[in-house]
Amino acid sequence: MSPLAPHYSALSLLRARLTPNHWKPLWQRARPREEYDVVVVGGGGHGLATAYHLARDHGIRRVAVLEKSVVGYGNVGRNTTIVRSNYLLPENHYFYEDALRRYETLSRDLNYNVMYSPRGVVDLANSDDEMVALARRGNAMRLAGIDAELLDRRGLVRYAPVLDPYLPRRYPIVGGLVQRRGGTVRHDAVAWGYARAAAACGVDIVERCEVVGLRTAAGVATGVETTRGYIRAGRIVFAVAGHTGQIGTMLGVPLPVETHLLQAMVTEPVKPILDTVLIYMYGHAEVYMAQSDRGGLVMGGTLDGFPSYAREPLWHRVEEVVQGAVAMLPQVAGIRILRHWAGTNDQTMDGSPLIDRIGYDNVFLNGGWCYGGFKAIPASGAACAKLVATGSAPDLIRSFNLGRFASGRVLDEKGAGPFPVRQ
Amino acid sequence: MEEFSFHKTLPNVEGSDFEQTFLRRNDPSDSHEHWQHRYGCRAWLYVRRNPSSGEVLDVRCLTGVPR
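Residue numbers (the working numbering), protein chains in the order written: chain A, 957 to 1379; chain B, -17 to 49.
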């Protein structure tokens, strides 16, 4: 942690409590300068983490994060806070495992409580075939040294008594795959923690500054046109989850990306009934649920099923998620939905992310996170920063290149083919 | 809305099979798609939409496609 940042400790909190007007803003809202070594477009989790690691790990401090709204307004503030590394393909599970390990120590690293709660993540099965699929994934994880347990119905009920087997359910639950180190992290805290840490390292965080164009000369990007003027930049990183396709349009580079909506909702606060994260496939749909520290049940489902930038919640998705929630936990049937929102997901054609150069040698893309963006932030920031700083992609993200589609080396985690809506 | 099922966006990049299969020019105001009236007459539809507002700009039945 930079010595420039106020260090939080029990003593500092007590001193703040006793001193009027002690609390200062976590970061200064900077005015953009004329030139930076690196401009990071996007003040979400990936952009802020990238800027932080550029400064901390590589000593590159003339960095600006340009955010068109305010820090945390985009997907980092709209997700359902779940973190896990229970992926099938090695390129994905090693990457997300790196992210999960970084989440485990992130509060200490940033000196900011991100509220990592390793309450476990359970994928439920309601048929023997689904158990076989989960066993396959669990074995792939264990072969990579990642924790995974396959539980039968009895073991599952011992692990999560809320899955009372005597409650009438539409579909039976026959078992599940558990990752005990998975869980939840407070999403806003991640954004604020990284913003504070990056600012303390000298990064300028410029809000209300939208990038509207790129300026180039002799085949090299020279800077970005913004709503607050032109800013020269030696290197440019686009980390604009939900708008990656539009960046491709801006640069004249078609991308293997479509933008789809993902919706989420939270109920009124109730007493603690769920101490783990449940993911449930039923029929053609999916629901996942966790209980926040404030007591609300946070849940979501599958994609809306058609390209959209609208960020508007749709009623039919509420119905589907609620049906799934009640099918999974009949005891939640009477709880009321309090809030409902949507975020835009950049779905790639194979369901795996993109961290690579785009269009120009000094322009980089960090995007295509589908619905796995939040859980990837710490690893994404560190790896992307290394790519930008050194020019060479670390092994962890070498497979997340744009060229994999042309070469046929796609990372089709779900085996769904080139259909983003099915990823 | 619930009666219809989105199938795919239509290729809008000219070039090799790979480019047509995997790459897209993402226009936030104009998307050309195939949908099906899955829970109705099961007709396949060409739909042109504005994906930012959701406005449907053009709809046509696709003929010669088995239901």
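Heads up, a few of these hints could be off.
Stretches of chain B that chain A covers, calculated by requiring three or more beta carbons in the stretch to come under 8 Å of a beta carbon on chain A [claimed, not checked]:
(1) -16 to -8
(2) -4 to 7
(3) 10 to 23
(4) 32 to 45
Per label pair, the in silico range of CB-to-CB distance [to be verified]:
(5) B:GLU1 with A:HIS1272: 27 to 35 Å
(6) A:VAL1226 with B:GLU(-15): 41 to 49 Å
(7) A:GLY1359 with B:GLU(-4): 17 to 25 Å
Hints were generated in silico from the structure; no laboratory data involved. Ideal placement from N, C-alpha and C gives every residue a C-beta, glycine not left out.
Evaluation of the provided hints:
1. Coverage of the stretch -16 to -8 of chain B by chain A holds. Counting CB-CB distances below 8 Å, 5 residues qualify, and the rule asks for three or more.
2. Only residues whose beta carbon comes within less than 8 Å of a beta carbon in chain A count, and the stretch -4 to 7 of chain B has 7; three or more means the coverage holds.
3. Counting residues of the stretch 10 to 23 of chain B whose CB lies closer than 8 Å to any CB of chain A gives 4, which reaches the minimum of 3, so the coverage claim holds.
4. Evaluation of the coverage hint for the stretch 32 to 45 of chain B: fulfilled, as 4 residues show C-beta separations to chain A shorter than 8 Å, against a requirement of three.
5. At about 34 Å, the beta-carbon gap between B:GLU1 and A:HIS1272 stays in the expected band of 27 to 35 Å.
6. Taken as a hint, the range 41 to 49 Å is violated for the pair A:VAL1226 and B:GLU(-15), whose Cβ atoms sit roughly 34 Å apart.
7. Judged by the Cβ atoms, the range 17 to 25 Å given for A:GLY1359 and B:GLU(-4) holds: they are separated by roughly 19 Å.
Checked against the numbered hints given earlier, the structure breaks only hint 6 and satisfies all the rest.
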